[in-house]
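Trainee: The chain contents come next:
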Amino acid sequence: MVDLTTRIGALTLQNPIMPASGTFSRDMAEVFELDMLGALVTKTITAEVRGGNPTPRVCEVDGGMLNSIGIPSKGLGAFLANELPAYAPYRAPLIVSVSAPSIDGFAEIVSQLNLPGIAGIEANISCPNIEEDGKAFAMRPDTTARVVEALRRETDLPLWVKLTPNTGETVEVAQAAEAARADALVVANTILSMAVDARTRRPKLGNLMGGLSGPAFKPIALRMAYQSVRSVDIPVIGCGGISTVEDVAEFLVVGACAVQVGTASFINPTAMPRLRDDLQGFLAEEGYASVSDFIGSIRDGAPGDAVRFMEAAP
Amino acid sequence: MVDLTTRIGALTLQNPIMPASGTFSRDMAEVFELDMLGALVTKTITAEVRGGNPTPRVCEVDGGMLNSIGIPSKGLGAFLANELPAYAPYRAPLIVSVSAPSIDGFAEIVSQLNLPGIAGIEANISCPNIEEDGKAFAMRPDTTARVVEALRRETDLPLWVKLTPNTGETVEVAQAAEAARADALVVANTILSMAVDARTRRPKLGNLMGGLSGPAFKPIALRMAYQSVRSVDIPVIGCGGISTVEDVAEFLVVGACAVQVGTASFINPTAMPRLRDDLQGFLAEEGYASVSDFIGSIRDGAPGDAVRFMEAAP
Amino acid sequence: MLSPAQLEPSKERSIHEVVGTVVTHRDAASGYRLLELDVPQEALDCRPGQFFHILCPVDGQSQPFLRRPMSIFGYDRDAGRLSFLYKVSGIGTAALSGLDEGDRLNVVGPLGNGFTIPQNARHLVLVARGVGLATLAPLAQEARRLGLGLKAICSARSPEHLMSIDHFRALGAEVIPVTDSEGTSDPEQLRSLLDGLAEADEMDMIYTCGSNRLLKLCQQVGRDAGIPGEIALEQQMACAIGMCQCCVRPFRRGGAVVQERVCREGPVFDIQEAMEW
Amino acid sequence: MLSPAQLEPSKERSIHEVVGTVVTHRDAASGYRLLELDVPQEALDCRPGQFFHILCPVDGQSQPFLRRPMSIFGYDRDAGRLSFLYKVSGIGTAALSGLDEGDRLNVVGPLGNGFTIPQNARHLVLVARGVGLATLAPLAQEARRLGLGLKAICSARSPEHLMSIDHFRALGAEVIPVTDSEGTSDPEQLRSLLDGLAEADEMDMIYTCGSNRLLKLCQQVGRDAGIPGEIALEQQMACAIGMCQCCVRPFRRGGAVVQERVCREGPVFDIQEAMEW
Ligand SMILES: Cc1cc2nc3c(=O)[nH]c(=O)nc-3n(C[C@H](O)[C@H](O)[C@H](O)COP(=O)(O)OP(=O)(O)OC[C@H]3O[C@@H](n4cnc5c(N)ncnc54)[C@H](O)[C@@H]3O)c2cc1C
Ligand SMILES: Cc1cc2nc3c(=O)[nH]c(=O)nc-3n(C[C@H](O)[C@H](O)[C@H](O)COP(=O)(O)OP(=O)(O)OC[C@H]3O[C@@H](n4cnc5c(N)ncnc54)[C@H](O)[C@@H]3O)c2cc1C
Ligand SMILES: Cc1cc2nc3c(=O)[nH]c(=O)nc-3n(C[C@H](O)[C@H](O)[C@H](O)COP(=O)(O)O)c2cc1C
Ligand SMILES: Cc1cc2nc3c(=O)[nH]c(=O)nc-3n(C[C@H](O)[C@H](O)[C@H](O)COP(=O)(O)O)c2cc1C
Ligand code: FES
Ligand code: FES
Chain A
109 MVDLTTRIGA
119 LTLQNPIMPA
129 SGTFSRDMAE
139 VFELDMLGAL
149 VTKTITAEVR
159 GGNPTPRVCE
169 VDGGMLNSIG
179 IPSKGLGAFL
189 ANELPAYAPY
199 RAPLIVSVSA
209 PSIDGFAEIV
219 SQLNLPGIAG
229 IEANISCPNI
239 EEDGKAFAMR
249 PDTTARVVEA
259 LRRETDLPLW
269 VKLTPNTGET
279 VEVAQAAEAA
289 RADALVVANT
299 ILSMAVDART
309 RRPKLGNLMG
319 GLSGPAFKPI
329 ALRMAYQSVR
339 SVDIPVIGCG
349 GISTVEDVAE
359 FLVVGACAVQ
369 VGTASFINPT
379 AMPRLRDDLQ
389 GFLAEEGYAS
399 VSDFIGSIRD
409 GAPGDAVRFM
419 EAAP
Chain B
109 MVDLTTRIGA
119 LTLQNPIMPA
129 SGTFSRDMAE
139 VFELDMLGAL
149 VTKTITAEVR
159 GGNPTPRVCE
169 VDGGMLNSIG
179 IPSKGLGAFL
189 ANELPAYAPY
199 RAPLIVSVSA
209 PSIDGFAEIV
219 SQLNLPGIAG
229 IEANISCPNI
239 EEDGKAFAMR
249 PDTTARVVEA
259 LRRETDLPLW
269 VKLTPNTGET
279 VEVAQAAEAA
289 RADALVVANT
299 ILSMAVDART
309 RRPKLGNLMG
319 GLSGPAFKPI
329 ALRMAYQSVR
339 SVDIPVIGCG
349 GISTVEDVAE
359 FLVVGACAVQ
369 VGTASFINPT
379 AMPRLRDDLQ
389 GFLAEEGYAS
399 VSDFIGSIRD
409 GAPGDAVRFM
419 EAAP
Chain C
2 MLSPAQLEPS
12 KERSIHEVVG
22 TVVTHRDAAS
32 GYRLLELDVP
42 QEALDCRPGQ
52 FFHILCPVDG
62 QSQPFLRRPM
72 SIFGYDRDAG
82 RLSFLYKVSG
92 IGTAALSGLD
102 EGDRLNVVGP
112 LGNGFTIPQN
122 ARHLVLVARG
132 VGLATLAPLA
142 QEARRLGLGL
152 KAICSARSPE
162 HLMSIDHFRA
172 LGAEVIPVTD
182 SEGTSDPEQL
192 RSLLDGLAEA
202 DEMDMIYTCG
212 SNRLLKLCQQ
222 VGRDAGIPGE
232 IALEQQMACA
242 IGMCQCCVRP
252 FRRGGAVVQE
262 RVCREGPVFD
272 IQEAMEW
Chain D
2 MLSPAQLEPS
12 KERSIHEVVG
22 TVVTHRDAAS
32 GYRLLELDVP
42 QEALDCRPGQ
52 FFHILCPVDG
62 QSQPFLRRPM
72 SIFGYDRDAG
82 RLSFLYKVSG
92 IGTAALSGLD
102 EGDRLNVVGP
112 LGNGFTIPQN
122 ARHLVLVARG
132 VGLATLAPLA
142 QEARRLGLGL
152 KAICSARSPE
162 HLMSIDHFRA
172 LGAEVIPVTD
182 SEGTSDPEQL
192 RSLLDGLAEA
202 DEMDMIYTCG
212 SNRLLKLCQQ
222 VGRDAGIPGE
232 IALEQQMACA
242 IGMCQCCVRP
252 FRRGGAVVQE
262 RVCREGPVFD
272 IQEAMEW
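Same order as they appear, the protein sequences are chains A, B, C and D.
Read in our numbering, the first sequence has 302 at position 194, and its numbers run on one by one without any break.
Read in our numbering, the second sequence has 318 at position 210, and its numbers run on one by one without any break.
Read in our numbering, the third sequence has 171 at position 170, and its numbers run on one by one without any break.
Read in our numbering, the fourth sequence has 122 at position 121, and its numbers run on one by one without any break.
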């Protein structure tokens with residue numbers, strides 16, 4: 109048996125497969141045993157109750173989908189009262205994804221999550237920072253640094269920071285998060301996109317624009333994962349378009365120590381257990397005794413610092 | 109007959125279909141009559157002779173491809189001696205795509221292109237600016253402004269500026285190009301991406317990273333085209349993943365006044381003539397007498413300035 | 002009386018991703034296709050009103066990415082059969098319509114909460130038009146099993162467009178066809194038909210599906226006569242399991258408007274809570 | 002004597018995107034398939050060494066995005082036939098291998114510059130292994146048309162793996178099989194075989210394809226004996242028409258190394274200019 113355990117800082121996961129925030133809920137337990145997952149990651153929660161965006165909230169595009177769900181949330185109170193206890197029976201570590209539109213609000217919600225049953229925090233900083241120009245925190249290194257520092261002061265739990273592809277500064281943002289003492293990076297959230305119905309001439313999403321996910325997005329996320337691995341020393345969790353065991357392997361090869369699976373679960377609800385099993389088989393076939401030997405095994409011949417100068421399109 | 113003529117500033121094109129730079133050469137004349145195109149756009153040329161990137165220079169991904177061709181160029185001299193005269197027989201306006209790694213170099217090459225037979229300049233500013241930190245000019249509004257101002261001083265030819273998706277500042281960059289008196293924007297170049305072979309563990313491109321193009325890229329390019337149309341008054345030419353007449357129509361609906369077709373010509377060399385014909389049919393079916401009535405006909409109910417605050421992922 | 006939306010899903014594995022095999026596939030009416038699959042038994046613990054999420058075939062011409070939700074038209078656990086009645090409307094259903102006997106099809110289900118049948122009900126009435134018939138058809142199957150009367154008011158453009166009438170009759174339902182061309186399907190006519198059934202005490206529960214016009218009508222009839230009812234609603238879906246929150250719709254409840262997931266709290270909802278769209 | 006690479010393409014429409022229909026499709030050897038298409042005449046103005054760019058079929062399991070380049074194995078303008086011999090190696094060729102008789106296939110071609118046959122040549126020699134045979138086969142067809150002698154040195158792992166021998170013989174070629182298992186295929190053996198042909202004045206032009214080992218060998222033999230030769234090379238392709246510049250390879254020319262497009266200046270190159278890889 110190939111050893112699939114993987115370490116993300118202080119956390120040890122039994123395998124590197126976990127869901128991506130917003131594409132998973134306990135409802136999944138009706139499809140498979142949730143404890144087979146490396147970790148459980150909640151939909152992003154906010155302190156206040158939020159309604160979410162107008163419908164249609166999703167549409168399909170070539171090789172993927174757009175979503176503009178908009179973080180509907182029952183609020184922190186409801187999460188603590190109903191969701192957190194319901195996760196108690198599961199052994200897989202629970203990662204709570206949180207967001208807020210201001211640094212203080214962000215710090216405030218994280219300060220209330222230092223609770224038994226919560227194994228880590230994933231900071232979804234791809235939300236607009238309403239105190240500045242409305243751009244997401246994760247789009248710039250300075251705003252990333254400020255928000256991550258504030259969160260770090262509030263918790264000793266593992267703090268994962270999720271990057272956005274909507275930036276020209278992936279490396280700088282990754283380094284800012286590391287400098288602000290994030291424990292790991294999740295790379296990446298969706299990229300801003302749009303679809304229009306050519307005949308009705310209406311946008312296909314109620315909210316006009318939304319985030320691209322699925323296989324179409326994978327090459328972008330893989331590039332960002334690689335850039336991040338090459339520019340920081342904290343662990344990187346890959347996310348974006350993962351559907352097959354080859355996709356999982358590609359993210360591991362570039363150095364991600366675990367992966368999150370999102371859209372693929374919509375297409376095949378049994379994707380995650382299948383990927384776990386397929387990864388066992390893949391690594392055995394390739395002659396690896398443990399997944400950790402495989403992680404970062406890219407044969408790129410590139411020096412560590414060559415990468416930061418590659419942000420221009422070819 | 110639906111009237112397909114479209115205006116891009118001072119230029120009138122007989123139809124809105126033209127090739128994207130780097131995906132077209134005169135070799136295409138062996139497939140179809142080039143004069144059916146709205147315009148001809150050259151591969152980006154540079155002043156000096158350049159070799160281009162190591163092979164493999166392309167690979168396929170889900171719904172698209174990556175390329176890291178790297179602008180091999182026979183140099184300006186060879187272009188003026190061999191290419192420019194060879195385009196003389198064609199009636200379709202010739203747009204020359206140019207690039208350079210410094211502002212002075214960029215201005216210098218453009219200054220030498222004020223020649224009969226050249227109908228316009230497309231500035232490919234998605235190349236690294238080696239005088240600063242190596243990021244592409246098009247990634248930031250200030251570098252965009254400086255380079256476009258310099259080019260504007262050198263030519264009265266229509267000056268098209270091609271944007272990059274590798275930025276978190278599409279709107280600001282578009283506005284900077286407009287303020288520097290670009291005549292039109294081409295939206296967009298490819299987005300930086302990566303692919304790895306999970307078994308050999310080698311990058312699939314000789315140059316490690318490359319640009320994503322094709323249908324997978326379309327929703328990103330369409331979003332950028334829409335953002336650009338909403339934030340500037342100069343014409344926008346859509347480019348990215350266009351393969352079907354619906355794709356053409358989507359870009360026109362969001363307000364692009366013409367489109368460039370790239371990767372689709374690799375998959376179907378007859379894509380451009382087919383799209384021209386299909387567009388005729390589509391517009392007739394939808395009851396339009398001219399393509400100009402269709403351009404910008406999106407039913408989005410969004411105020412013009414709502415858009416710049418939508419750059420965060422949902 | 003009506004079962005509340007099931008907020009706390011059971012922890013048993015009740016949702017299955019299985020591969021079925023096409024047994025028959027034929028036109029049901031112009032533009033409509035009837036698809037019968039052979040599927041593993043585990044996926045056939047179905048209730049009327051539930052649906053499956055279908056992975057449409059992909060070829061060089063079209064690559065539908067998301068699954069497509071389809072109501073269960075018929076199910077038979079013993080025979081291992083599952084069927085869908087669908088309208089060819091876009092790229093997914095067009096791709097589906099090309100399936101041949103023997104082809105394989107990946108389906109996920111059964112999904113969502115089905116219709117409820119009040120304990121004391123004797124007479125069920127359903128009102129449907131077009132593809133709504135597909136969603137309501139299993140009610141007839143269930144009514145027969147429970148020994149209840151069922152009247153199916155089937156609406157269509159013209160008598161030739163009436164679908165599934167024989168199917169309902171075979172399941173022991175009384176079919177009341179109404180059509181636009183005969184002038185029997187307009188709201189006033191339907192209203193008096195339904196009022197008549199209510200007065201004659203031949204309507205303990207009313208079910209409908211799909212259209213705004215029918216929703217409004219059934220709400221009025223139900224409210225005036227104090228008869229409960231349910232409606233099956235549609236909304237675009239990504240996961241269909243309750244995870245992505247894309248499929249919400251607004252409902253009136255306790256004086257407020259609440260958003261509920263059609264895939265999870267629905268697709269069947271209390272008819273008085275449903276809102277026109 | 003060798004035609005220079007054709008830098009200025011002719012302005013006539015010589016490249017066609019056409020849809021062919023599969024006439025036969027069968028195994029040629031283990032892992033190799035022979036595909037015969039019925040294609041429109043316009044696409045059949047072919048020369049040996051040219052290739053087509055093939056749009057592989059797409060299904061739910063695999064969606065090859067780029068086309069796949071394939072040498073012309075045989076062409077017959079009068080009969081409207083075009084055939085390919087290919088090795089199933091990755092997702093594109095795997096998708097191709099599932100085509101049935103009657104299926105349609107979109108192909109673009111003919112592409113590239115084919116082999117040249119020097120005016121005064123009487124004896125042609127080709128050396129090929131594996132799928133290289135596919136690329137060289139049309140030379141036999143052409144040699145017969147021109148009334149020239151052609152010897153095909155066909156190399157394989159073992160006699161059972163020898164492919165297309167009958168095809169070459171049917172075209173009037175003299176086949177010289179060499180195999181690893183019989184110890185007749187190693188460089189020394191081949192070298193003396195070729196030297197022998199050169200000495201006997203039975204080799205005016207030498208053609209090869211694919212492998213580094215054969216390239217080196219033929220370069221040496223050719224250089225030593227002053228016999229010209231050509232090699233067909235492979236490189237990953239996107240457009241295959243000369244537009245994208247992804248398919249370049251380095252060549253020695255005039256003391257310098259130049260990059261040439263395999264799809265446009267090639268795929269056939271002067272054997273002395275080709276570089277090992
Ligand atoms: C619970 C449920 C049960 C359904 N049962 C049936 C049935 O039994 N028979 C039947 O013919 N149809 C049924 N529908 C509608 C069916 O899902 C759509 O007709 C189908 O998704 C259209 O797909 P398309 O690719 O052909 O159309 P397209 O317009 O190409 O679809 C584009 C996207 O919109 C979605 N979409 C389009 N129309 C609808 C719709 N009405 N509801 C939800 N999503 C839609 C598609 O799923 C897809 O994501 C049901 C819908 C729901 C939600
Ligand atoms: C001019 C030319 C003629 C050829 N003729 C033949 C022939 O007659 N018979 C035959 O079996 N093969 C031939 N090949 C090789 C053939 O193109 C590859 O085997 C095929 O592209 C592999 O595709 P795949 O999807 O099965 O493999 P994958 O490995 O999945 O392909 C991945 C990508 O790499 C490219 N690729 C992989 N191998 C090669 C290769 N050797 N050359 C070029 N691109 C490659 C593919 O086109 C694709 O873009 C020829 C190649 C060229 C350039
Ligand atoms: C429907 C949907 C909802 C999402 N909601 C969230 C969210 O609440 N918080 C978050 O950080 N990411 C969210 N994401 C992004 C995913 O977590 C993931 O980063 C992205 O989808 C890329 O992965 P994928 O291609 O595997 O889906 C959402 C994605 C989708 C498709
Ligand atoms: C092989 C290849 C080469 C390219 N070369 C150039 C180039 O030289 N200059 C440029 O501005 N864009 C270049 N591009 C980008 C295209 O012009 C276009 O912006 C991009 O491919 C998106 O369009 P598409 O999806 O239709 O291909 C190239 C794209 C490809 C695929
Ligand atoms: S479709 Fe995902 S929650 Fe309903
Ligand atoms: S494959 Fe495009 S130039 Fe050769």
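Some hints could be false.
Beta-carbon label-pair distances, calculated as ranges [said to hold, decoys possible]: (1) D:D187 x C:V20: 47 to 55 Å; (2) C:S193 x A:M144: 42 to 50 Å; (3) A:R115 x C:D39: 42 to 50 Å; (4) B:K182 x A:I238: 47 to 55 Å; (5) B:A392 x C:R170: 52 to 60 Å.
Here are some, though not all, of the chain A residues that point toward chain C, as calculated from beta-carbon distances under 7 Å [unchecked claim]: (6) P164; (7) S219; (8) L223.
If you are wondering where the hints come from, they were derived from the structure by calculation, not from laboratory data.
These numbers were taken from a predicted model, which means no experiment stands behind them.
Cβ atoms here follow ideal geometry from the backbone N, Cα and C, with glycine treated the same way.
Trainee: For each hint, tell me whether it holds in the structure or not.
Mentor: Quick rundown of the hints versus the structure:
1. D:D187 x C:V20: 47 to 55 Å: The hint (47 to 55 Å, Cβ to Cβ) holds, given that D187 (chain D) and V20 (chain C) are roughly 51 Å apart.
2. C:S193 x A:M144: 42 to 50 Å: violated (58 Å)
3. A:R115 x C:D39: 42 to 50 Å: For D39 (chain C) against R115 (chain A), whose Cβ atoms are near 46 Å apart, the range 42 to 50 Å holds.
4. B:K182 x A:I238: 47 to 55 Å: holds (52 Å)
5. B:A392 x C:R170: 52 to 60 Å: violated (46 Å)
6. P164: holds (5 Å)
7. S219: Since the shortest Cβ distance to chain C is 26 Å, the answer is violated.
8. L223: violated (21 Å)
Comparing the model with each numbered hint stated earlier shows that hints 2, 5, 7, 8 do not hold.
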